[in-house]
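J.: With this note's numbering applied, the sequence shown corresponds to residues 55 to 279, in that order.
Keep in mind that the hints were calculated from the coordinates and are not lab data. Treat the numbers as computed from the prediction; the structure is a model and nothing was measured. Check each hint, because a few of them may be wrong.
[Claimed, not checked] Derived SDA-like pairs (lysine to any residue); straight-line CA-CA distance at most 20 Å:
{"id": "1", "residue 1": "K124", "residue 2": "K66"}
{"id": "2", "residue 1": "K133", "residue 2": "D183"}
{"id": "3", "residue 1": "K69", "residue 2": "L230"}
{"id": "4", "residue 1": "K66", "residue 2": "L123"}
{"id": "5", "residue 1": "K133", "residue 2": "S242"}
{"id": "6", "residue 1": "K228", "residue 2": "E239"}
[To be verified] If you anchor each label on the Cβ, the simulated ranges turn out as follows:
{"id": "7", "residue 1": "Q71", "residue 2": "C201", "range": "25 to 31 Å"}
{"id": "8", "residue 1": "E239", "residue 2": "E116", "range": "22 to 28 Å"}
{"id": "9", "residue 1": "L147", "residue 2": "D183", "range": "23 to 29 Å"}
{"id": "10", "residue 1": "K69", "residue 2": "R179", "range": "24 to 30 Å"}
Here a beta-carbon is modelled for each residue, glycine too, at the ideal position from N, C-alpha and C.
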Amino acid sequence: MGPLEPIELIGKMVKDQYGRQMGMIVSVLMDNRGDMSWVLVKMGDGRFRRFRLSDVVIDGSEVITYSSLKRRVEALRRKAALLRREGSLLIGLRERMGERALEEMGKDIEDSVEALQAEASYLLRRVKDALEAVSRQLRDVRRGLACLEVEHELGKLPDEAFELFRRILMNGLKTLLAERNDLEEALSMLKRFLEEHTSVKEGHDGAEDEPIDVEVGGTTDVVGA
């Protein structure tokens with residue numbers, strides 16, 4: 055059996071990576087090149103939302119969407135590791151290349167690091183916004199649980215209904231905590247990357263006629279020394 059065609063996803067229900075039902079795939083969308091790049095989902099609240107095919111995974115009979123934000127943070131981490139390796143390789147070529155060539159290659163890596171810094175700053179804002187949204191939901195669920203228990207104790211809510219809705223809220227709480235943990239991990243990584251890069255850049259700006267510093271993800275490689 056060959057790979058599943060995007061069009062075959064139409065009509066399938068979609069969950070997010072935490073198991074929450076999101077809606078149904080009702081169509082696919084093409085990019086400017088004519089390639090199928092997104093699925094269009096009718097959400098549970100009636101709105102339509104598109105998801106990149108690269109963020110969609112088929113798990114048996116289930117279609118699961120993964121956070122594009124989390125994937126972008128993971129991609130940034132891989133890019134940082136790649137630049138770190140490029141910086142290390144450049145050190146090994148020091149004796150085989152002229153100073154000018156080394157400086158040009160070092161500048162190219164620095165430019166790439168600056169581009170990563172801009173992307174990390176953007177993702178940091180996105181992650182902070184997502185964390186605030188999760189925190190608001192956690193607060194509402196916590197208060198909802200408290201109110202549910204009060205109404206049950208006052209005899210205004212039958213035992214069966216209380217157990218049902220309490221279970222729903224507890225499951226939601228567990229899901230939100232897992233989502234918050236993932237976001238906090240991403241936030242920590244982005245902050246660490248930005249802090250390390252900023253500290254190295256400040257040190258480099260204050261130095262004259264010093265070798266080129268290239269740092270990605272906590273490793274400094276000196277080029278042209």
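J.: Evaluate each hint against the coordinates.
T.: Against the structure, the hints:
Distance hint between K124 and K66 is unfulfilled; the C-alpha atoms sit about 24 Å from each other, more than 20 Å. Our distance criterion of 20 Å between C-alpha atoms is broken by K133 and D183, whose separation comes to about 24 Å. The suggested pairing of K69 with L230 holds, with an alpha-carbon distance near 15 Å, which does not exceed 20 Å. Simply put, K66 and L123 have alpha-carbon atoms about 23 Å apart, too far for the 20 Å limit, and the pair is violated.
For the proposed pair K133 and S242, the alpha carbon gap of about 17 Å is at most 20 Å, so the pair holds. A C-alpha spacing of about 17 Å is found between K228 and E239, which places the hinted pair at or below 20 Å, so the restraint holds. Separation of Q71 from C201 is about 29 Å and conforms to the stated range, judged on CB atoms against 25 to 31 Å. Hint check: E239 to E116, Cβ distance near 25 Å, so the stated range 22 to 28 Å holds.
The hinted window of 23 to 29 Å between L147 and D183 is violated, with their beta carbons roughly 42 Å apart. For the pair K69 and R179, the supplied restraint of 24 to 30 Å holds, since their beta-carbon distance comes to about 27 Å.
Checked against the numbered hints given earlier, this structure breaks hints 1, 2, 4, 9; the rest are met.
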